[in-house]
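Generate coordinates for the entire structure from the input sequences, incorporating the hints supplied.
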Amino acid sequence: KNQVEQSPQSLIILEGKNCTLQCNYTVSPFSNLRWYKQDTGRGPVSLTIMTFSENTKSNGRYTATLDADTKQSSLHITASQLSDSASYICVVSRRSNDYKLSFGAGTTVTVRA
Amino acid sequence: EAQVTQNPRYLITVTGKKLTVTCSQNMNHEYMSWYRQDPGLGLRQIYYSMNVEVTDKGDVPEGYKVSRKEKRNFPLILESPSPNQTSLYFCASRQKADRSYEQYFGPGTRLTVT
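Order-wise, the sequence lines are chains L and X. Counting in the numbering used here, the first sequence runs from 86 upward without gaps. Counting in the numbering used here, the second sequence runs from 4 upward without gaps.
For the record, the hints were derived by calculation from the structure and aren't laboratory data. Among the hints, erroneous ones may be present.
Sample of chain L residues at the chain X side, in silico, Cβ under 10 Å [claimed, not checked]: (1) Ile-97; (2) Lys-156; (3) Ala-164; (4) Ser-165; (5) Cys-175; (6) Arg-179; (7) Arg-180; (8) Phe-188; (9) Ala-190.
With a straight-line Cα cutoff of 27 Å, these simulated DSS-like cross-link-like pairs (lysine-lysine) come out [said to hold, decoys possible]: (10) Lys-20/X / Lys-185/L; (11) Lys-142/L / Lys-99/X; (12) Lys-20/X / Lys-60/X; (13) Lys-156/L / Lys-20/X; (14) Lys-21/X / Lys-156/L.
Idealized CB from N, CA, C, for every residue including glycine.
Structure below.
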């Protein structure tokens with residue numbers, strides 16, 4: 086079972102509207118959580134990174150929140166633009182010596198004019 | 004420009020024909036890794052390298068080989084490709100193995116094995 090679950094799998098929103106993506110994880114002990122944006126046919130690009138002590142982080146119109154107690158994170162996109170159409174991937178790392186990252190399957194966002 | 008490059012970007016091959024996908028980074032990063040991405044699944048790690056001449060298996064290493072003879076290069080080798088290796092492959096690097104460092108991804112290589 087994947088240790089990082091994202092929802093919804095996909096969503097369609099109108100340009101200018103807001104949306105929120107969810108990430109639930111079971112990775113433990115927790116080290117940090119990242120949100121990546123992956124445009125079609127491109128590699129993922131980092132949007133935000135949060136450690137245990139941070140519960141919100143913004144990058145322009147993207148705002149990520151983290152509740153380490155409930156093991157949940159969200160990514161909020163404000164005033165969506167056509168260029169926000171992409172897959173958004175939640176990535177969690179565990180405080181351990183295996184150097185691995187746990188990836189969610191991603192949420193595909195389509196912004197329509 | 005700091006970047007991770009992969010070649011080729013697209014490749015169609017036949018079962019059993021050996022191939023190599025190259026990966027190069029110009030950021031002097033110690034840690035490099037290969038992932039495959041399949042529909043509905045998260046990125047899965049194939050192999051990783053902590054530094055020159057130090058490599059180890061990831062979660063899905065079967066059917067793949069890697070080498071790290073130089074710090075900047077980390078090629079992925081498929082000795083005898085099979086159709087179940089049809090996938091989108093990403094190379095990534097970060098300054099050090101510690102996961103607090105930012106990880107940078109290449110543009111991807113779409114491989115089709117017929």
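Hint compliance check: list the failing hint numbers for this structure, sorted ascending. 1, 2, 3, 4, 10, 13 and 14
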